[in-house]
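Just so you know, the protein sequences line up as chains D and A, in that order. The first sequence runs 1 to 117 under the working numbering. The second sequence runs 1001 to 1158 under the working numbering.
Honestly, the hints are just simulated from the structure, not real lab data. Mixed in with the good hints, there may be bad ones.
Subject to a maximum C-alpha distance of 25 Å in a straight line, what follows is the list of computed DMTMM-like cross-link-like pairs (lysine to aspartate or glutamate) [to be verified]: (1) 48(D) <-> 1086(A); (2) 48(D) <-> 1124(A); (3) 1045(A) <-> 81(D); (4) 48(D) <-> 1085(A); (5) 48(D) <-> 109(D).
Here the structure is a predicted model, which is why all the values come from computation and not from measurement.
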Amino acid sequence: MKRIVTGAHYGLRDWLAQRVTAVIMTIFVLCLAGTLLVSPLPDYPAWKSLLGNQWMRIAFFLFLIGLFWHAWIGIRNILMDYVHATGIRLALQIGVIVSLLFYTVWSAEILWALGSA
Amino acid sequence: MPPPRPDVRNIVPPWITVYTKPLPVPPRGVQKLQTNRPTFLNLLKIRQPLPAVVSILHRISGVLLFFPGIPLLLYGLEMTLRSPEDYARFQSLAGSLPFRLVALLLLWCFLHHLCAGTRFLALDLHLGGALPQARLTSRVVLAAGITLTLLISSWILQ
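Go ahead and model the full structure; you've got the sequences and the hints to work with.
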């Protein structure tokens, strides 16, 4: 049997990145959930000032970047497992990358359109 | 001189076929293995073990969180932050049944993905890999996802 050896050097790095982003996102979500437990369902000024805070804004942005990175690795693994036609898989992967880049720009726009609180 | 091997036909139960002679070798050039075994791939009828159910739900919930989860999250974030009017519009939208059903599904997706992911992290650290523990924790993860979804949604709606 002929074995195809691919230069998949990114495997371990992606495996680790997926787990590191998972842990960071979990910590962030637990902190946010704790904040919302103390003051549940804030009104508009409170909600805006919560995310207008410079540190919160950076933390939220980092959370979203981690989310997009995590999503890319996961979706790519799923596409590699289930979509065997190379052309279709490549097209889907490009679509995923483009949408995630778009989401990154959109997130920055949402968070920094707030102005400083 | 090694001891004589016992006849396997006396050890295995009678409903299992034992080949005492080697399987016939396919003629040269035929690459296929024996194909007289039945293939049974009806996914709806295969009863998967619980850890497999948790695993496939982790994948399905991940896909749903990617789409429509991420765009809906960003859309909601933008809407609630844009202006007080949009915030109020979001609040009235959040009262509708379709919104609540989608939100409930995505909340479960998130919580199941989180719980199952934590379990996979523990497995990566070689914690709970033995079969009884793996079965128990997959049961716990499934229950935790559903319970937390019900708790959080009822807490939001109170």
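Checklist entry - So which of the earlier hints does this model not fit? => result When the structure is compared with the hints, only number 2 turns out to be violated.
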